[in-house]
Amino acid sequence: MSAFNDIAKNGFWKQNPLLVQLLGLCPLLAISTSLVNAVSLGLATILVMLLANLAIASLRALIPYEIRIPVFVLIIAALVTVVDLSFNAFLHDLYLVLGIFIPLIVTNCIVLARVEAFAAKNGLAASTLDGVMMGAGFLWVIALIGGLRELIGQGTLFSGIEMIFPSLSGIQVLPADYPGFLIMMLPPGAFFTLGLLIAGRNWSEARANQRRLNQLKQAEHPGDKPAENIPPFAA
Amino acid sequence: MTTPPDTMENTPQASPMQRSALYIALRTAAILLAFTLVFTTLMASAYYLTAPRVAASAQAEKLHLIGVVLAPTFYDNDLFSDAIILPPTSALGTSEETRLYRARKNGQPAALVFEVVAPDGYSGKIRLLLAVSHSGPLLALRVTQHKETPGLGDYIDPKKDRNKGRPWITQFSDIGFDSVPPEQWRVKKDGGHFDQMAGATISARAVTNASGRALAWINVHREKLFALPANSLYKE
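Those protein sequence lines, which keep their order, are chains A and B. Here this note's numbering is used: position 41 in the first sequence is 29, and no number is missing along the way. Here this note's numbering is used: position 193 in the second sequence is 233, and no number is missing along the way.
Worth flagging that the hints you see were computed from the coordinates, not collected in a lab. Treat the hints with caution; some may be incorrect.
[To be verified] Some chain A residues judged to face chain B by a derived CB distance under 10 Å, without partners named:
# : residue
1 : THR21
2 : ASN76
3 : GLU150
4 : SER155
5 : LEU156
6 : ILE186
[Stated by the list, open to error] To spell it out: a stretch of chain A is covered by chain B in this simulated footprint if at least three of its residues, at any positions, have a beta carbon under 8 Å from a beta carbon of chain B; those stretches are:
# : region
7 : 25 to 31
8 : 46 to 55
9 : 168 to 182
From the three backbone atoms N, C-alpha and C, an ideal C-beta is built for every residue, glycine too.
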């Protein structure tokens, strides 16, 4: 079971698509202007990554190594088209909300990256889990960025939720006369927020490494004082 | 250089025949062709299976959109069968053919519903849907598509307007040239009648001017538009 644990941890944190692999920046820039949009795109991405990894993992024995990329692109594009059409036909209300995001998923390189790096080399169950967890890693980061941009940019949260649940409405978090902070709503706002999140993640990892290093030193030389001045990124 | 494995599974020792370049090239091409055929078939069948339902929901959506600018109590005919085709018209800002729907009540002309494009939004075109009554005034106006700055110029779309009680766009409800003459059909900043938000005049100006041009054009062509047989192409 520990292999499955590792897959989950990789997707969520250690190899997070947005914070570590820096994949999927195009949809991030375009969609993370509000929490509701971001979560919608995240959910659609999970669905497509699950299907793509499932399809490639089950067909991988048939795909010659030399032409794997065109075949992967073909399969992903076909799956996204089928998902798009089925949503439009059978879940039309949801399609009105998610519809514009589904074709955008094709532009998300995480899908191709996970298919190539994982599903092409692993079994069905592991690949499916990897697709879901990588999608979930994408979801929580884009949701956090969407929420921060919406809050700082226009002082609200959950605006637009009435498109999904007509009985609910967005919340004005900051005072109604909050003037807004335009740059957060524009694409640079996504880069600033993502940059700060990546810095925060690196900082917490560096601190954890430092602590581990200190414990190691303590164990080797119990009398020494713990090292304090090792710069966090020293090789 | 090592030869890459034949497939992604480990293949047993290949025979010399299999290693010939032509054989590998043909075999790879055939596999790619097979994949293309299978997945194109998948997409095509998904398209054919969903097409009727997609078309039905697109029409329902369009009817819903028309309902926003024109209340269903205003007409009793089938709008989709009583439509005519407008050629690209500079007064409406359209660069492709659009449909114009003719609403009638008890056989009498009631209103026209049609699309207008404001070419001069802050970031590109703004698409509008207008309903103009047969007696003259604009009944209502809605933005159907735009790329205005989120949180700044997007108040032209009532869903994004923070003034939920009286969204900006409702200024254009039930208003015609008899109450606001054409030379007053501008935003206040240009010396006209209509409000705009400070700091985001361009979006409001584009919508206001486009609706004014469209209304003036309809005033000239109204009777001819109502008289034309259904599904024909309008010629000025």
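Results of checking the hints against the structure:
Against a cut-off of 10 Å between C-beta atoms, the interface hint on THR21 of chain A holds, since the closest Cβ of chain B lies about 5 Å away. The interface hint given for ASN76 of chain A is met, as the beta carbon of that residue sits about 5 Å from the closest beta carbon of chain B, less than 10 Å. Evaluation of the GLU150 of chain A hint against chain B yields a held restraint, the C-beta minimum of about 9 Å falling below 10 Å. Proximity of SER155 of chain A to chain B is violated relative to the hint, the smallest CB-CB distance being about 16 Å (cut-off 10 Å).
For LEU156 of chain A, the suggested interface contact is broken, since its CB lies about 14 Å from the closest CB of chain B, more than 10 Å. The beta carbon of ILE186 of chain A is not positioned within 10 Å of any beta carbon in chain B (closest approach about 24 Å), and the interface hint is therefore violated. For the region 25 to 31 of chain A, the assignment as covered by chain B is violated, since 0 residues bring a beta-carbon within under 8 Å of that chain's beta-carbons and 3 are needed. Under the rule that three or more residues need a Cβ within less than 8 Å of chain B, the assignment of the region 46 to 55 of chain A holds, with 8 such residues.
Counting residues of the region 168 to 182 of chain A whose C-beta lies closer than 8 Å to any C-beta of chain B gives 4; at least three are required, and the coverage claim holds.
Hint compliance for this structure: hints 4, 5, 6 and 7 are broken, all remaining hints hold.
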